[in-house]
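Visitor: Listed below are the residues making up each chain.
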Amino acid sequence: MTSVCPYETIELLGISLEVPRDWQIVRHGLDERKGGLTFTDRSAERMTFHWNTLEREPDIARMLQTEWGKSKQTGESSEFREETIDEWRGFRFDDARGTWLRAVRYDSSSRRLLEVALALETAHSRSRAVDRRLLSRVELKKSELACRFLAFDIDVTYPSDFVVTKCEVVPASVTLHLESRAPFKRFGAVDSILIRRMGMARTWYRGNALALLARENPLVDPRKANTREIHGHPGAAARTTLSRPLQRWFGHGRTLGATLWHCDEENAVYHVATRTADGRPLDPDAVQVRCCKWAEGSAPRGDG
Amino acid sequence: MADPSIRMRFRYGVANGQKGVLLVATVETTIDETGAASRLLDLVPVPNAAARVAVEGEGLIVWLPIRKTWWMTGPLGKVLPFRHEKGFALDAIGREVFESCDGKRNVESIVEAFAERHRLRFAEARASVTHFLKTLVQRKVVVLALLTEETK
Chain A
1 MTSVCPYETI
11 ELLGISLEVP
21 RDWQIVRHGL
31 DERKGGLTFT
41 DRSAERMTFH
51 WNTLEREPDI
61 ARMLQTEWGK
71 SKQTGESSEF
81 REETIDEWRG
91 FRFDDARGTW
101 LRAVRYDSSS
111 RRLLEVALAL
121 ETAHSRSRAV
131 DRRLLSRVEL
141 KKSELACRFL
151 AFDIDVTYPS
161 DFVVTKCEVV
171 PASVTLHLES
181 RAPFKRFGAV
191 DSILIRRMGM
201 ARTWYRGNAL
211 ALLARENPLV
221 DPRKANTREI
231 HGHPGAAART
241 TLSRPLQRWF
251 GHGRTLGATL
261 WHCDEENAVY
271 HVATRTADGR
281 PLDPDAVQVR
291 CCKWAEGSAP
301 RGDG
Chain B
305 MADPSIRMRF
315 RYGVANGQKG
325 VLLVATVETT
335 IDETGAASRL
345 LDLVPVPNAA
355 ARVAVEGEGL
365 IVWLPIRKTW
375 WMTGPLGKVL
385 PFRHEKGFAL
395 DAIGREVFES
405 CDGKRNVESI
415 VEAFAERHRL
425 RFAEARASVT
435 HFLKTLVQRK
445 VVVLALLTEE
455 TK
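Sequence lines, in order, name chains A and B. Heads up, the first sequence is in this note's numbering, so the first residue is 1 and it goes up one at a time. Heads up, the second sequence is in this note's numbering, so the first residue is 305 and it goes up one at a time.
Where hints are given, some of them may not hold.
As the list claims (entries may be wrong) - For the chain B half of the interface with chain A, some residues (derived, Cβ under 8 angstroms), not all of them:
1. Arg-423
2. Ala-427
3. Glu-428
4. Ser-432
As the list claims (entries may be wrong) - Restraint-style ranges between C-beta atoms, simulated for each label pair:
5. Arg-27/A x Lys-408/B: 27 to 37 angstroms
6. Ala-211/A x Gly-378/B: 31 to 41 angstroms
7. Pro-369/B x Pro-6/A: 47 to 57 angstroms
8. Asp-406/B x Met-63/A: 23 to 33 angstroms
9. Tyr-7/A x Lys-438/B: 25 to 35 angstroms
10. Ala-354/B x Lys-70/A: 31 to 41 angstroms
11. Met-63/A x Glu-420/B: 41 to 51 angstroms
12. Glu-216/A x Arg-421/B: 43 to 53 angstroms
13. Lys-438/B x Thr-203/A: 43 to 53 angstroms
14. Lys-34/A x Val-359/B: 47 to 57 angstroms
Unchecked claim - Which chain A residues stay away from chain B? Per the calculated CB distances, all over 12 angstroms, these:
15. Asp-22
16. Ser-43
17. Lys-142
18. Cys-263
19. Glu-266
These are calculated hints, taken from the structure and not from any lab test. All C-beta atoms, glycine included, are put in the ideal place defined by N, C-alpha and C.
Sequences and hints are given; from them, build the entire structure.
Guide: The structure is reproduced here in structure tokens:
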């Protein structure tokens with residue numbers, strides 16, 4: 001029998017962390033320089049995670065004292081006791097919501113200051129206590145190596161010259177937009193990638209991948225689409241070059257590529273659409289979207 | 305202190321023969337306000353006892369009697385063909401959620417079952433199911449009951 005792992009990995013913008021499976025991200029930022037993530041479980045907020053790019057290491061001891069002063073005003077704790085978890089420095093305090101750990105860490109390689117407020121225990125009966133060692137599982141990568149997005153059930157590795165610009169999350173549907181860092185300035189167009197994961201497929205998908213591909217990509221010529229097996233799943237793919245004759249002559253047409261497949265194990269349909277501005281097609285292997293996490297994990301996601 | 309994110313109006317005292325059940329006529333909540341959502345998970349959806357259910361393909365049509373006003377019951381009501389029921393059509397997923405509202409399971413267990421069946425995360429399933437339940441409550445197809453120890 002496979003053991004059920006209560007944790008899952010979240011990775012975005014070069015930040016990798018492991019959190020309990022029943023936590024969800026309710027707020028997220030996509031700016032590499034400054035942003036944050038907020039996690040909740042079924043009942044309460046459990047963790048806020050902020051990053052900020054700083055050229056020099058700040059005075060962390062002073063920061064902690066300042067934070068302690070703020071916490072003391074609202075909380076019930078009376079004694080400051082610094083805690084150290086690997087490279088993290090922080091303190092613990094209690095308030096009406098439960099027991100919290102505030103911690104700070106500066107990563108000199110990525111020049112990012114990380115700040116975390118972690119609810120170790122909450123007053124809600126549905127919430128489970130977590131170990132403070134959760135912080136020791138946080139890893140950072142330099143921005144040029146940050147080319148993996150693993151969150152909201154999407155696991156994708158993208159080219160290093162692309163950046164995540166938008167992530168739309170609604171129940172049973174996640175859409176990720178990526179754009180090239182170097183825009184094609186002549187026409188103001190940029191290379192872009194769209195990745196969409198559509199859940200609850202058995203309720204709406206009837207197995208016609210070509211029709212769905214054409215519906216999702218109205219600019220792609222359906223006559224050039226063909227069915228094929230993608231990642232071991234039935235799917236369809238198409239590629240079209242949109243250009244006027246003069247653009248085509250100079251090789252400046254836009255090339256659209258689209259791939260779509262149905263992952264039965266995840267009960268989801270994946271759709272990947274690429275658009276290049278200068279006529280050359282994007283290397284299909286440059287974007288790797290992994291599915292079948294359900295089969296690998298063997299645990300109902302979100303229920304730890 | 306009343307939670308501002310959940311507004312409850314207690315209207316009736318009996319549903320499906322369960323005495324003392326408090327019926328919630330309106331529930332307003334958002335998934336981001338997890339404290340409110342947590343309380344919502346404890347509520348038990350109870351179908352309207354007066355509802356008549358007709359199977360239609362993969363879905364259902366739930367017929368509810370229309371309460372007649374005084375002028376509909378008078379001579380005018382004998383002359384004009386006022387309808388006695390109004391129907392709500394549910395698709396296959398709506399039927400699945402409606403049928404899981406058996407007056408015993410709370411919202412949390414319904415959401416868990418829904419998430420398991422459709423391979424969704426709990427939070428995704430909660431958003432979908434609670435939104436749908438809110439629609440059913442507004443249309444008086446189900447009521448959300450807060451079962452106490454006495455009424456369980």
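Visitor: Examine each Cβ of chain B, and state whether all of them lie more than 12 angstroms from the Cβ of Glu-266/A.
Guide: Glu-266/A is in fact no farther than 12 angstroms from some Cβ atom of chain B, at 6 angstroms.
Visitor: Are Arg-423/B and chain A close enough, Cβ to Cβ, to be under 8 angstroms, as the hint says?
Guide: 4 angstroms, holds
Visitor: Quick one: work out the minimum CB distance from Lys-142/A to chain B and report holds if it exceeds 12 angstroms, violated otherwise.
Guide: 31 angstroms, holds
Visitor: Is the Cβ of Asp-22/A more than 12 angstroms away from each Cβ in chain B?
Guide: For Asp-22/A, whose nearest Cβ neighbour in chain B is about 6 angstroms away, the distance does not exceed 12 angstroms, so it is violated.
Visitor: Please check whether Glu-428/B passes as an interface residue: C-beta within 8 angstroms of a C-beta belonging to chain A.
Guide: With Cβ-Cβ at 4 angstroms, under 8 angstroms, it holds.
Visitor: The output says Cys-263/A does not contact chain B. Does that hold with a beta carbon cutoff of 12 angstroms?
Guide: Cys-263/A is in fact no farther than 12 angstroms from some Cβ atom of chain B, at 10 angstroms.
Visitor: Report holds if the minimum CB distance from Ser-43/A to chain B is greater than 12 angstroms, and violated otherwise.
Guide: 4 angstroms, violated
Visitor: Assuming the hint says 43 to 53 angstroms, is it satisfied by the Cβ distance from Glu-216/A to Arg-421/B or not?
Guide: At 25 angstroms between Cβs, range violated.
Visitor: A range of 31 to 41 angstroms was offered for this pair. Does it hold for the Cβ distance of Ala-354/B and Lys-70/A?
Guide: 55 angstroms, violated
Visitor: Could you tell me whether the CB distance from Ala-211/A to Gly-378/B stays inside 31 to 41 angstroms?
Guide: 56 angstroms, violated
Visitor: Could you see if the CB distance from Lys-34/A to Val-359/B stays within 47 to 57 angstroms?
Guide: About 55 angstroms separates the Cβ atoms of Lys-34/A and Val-359/B, which means 47 to 57 angstroms holds.
Visitor: Tell me if the beta carbons of Lys-438/B and Thr-203/A are separated by a distance inside 43 to 53 angstroms.
Guide: 20 angstroms, violated
When the structure is compared with the earlier hints, violations turn up for hints 6, 8, 10, 12, 13, 15, 16, 18, 19 and for no others.
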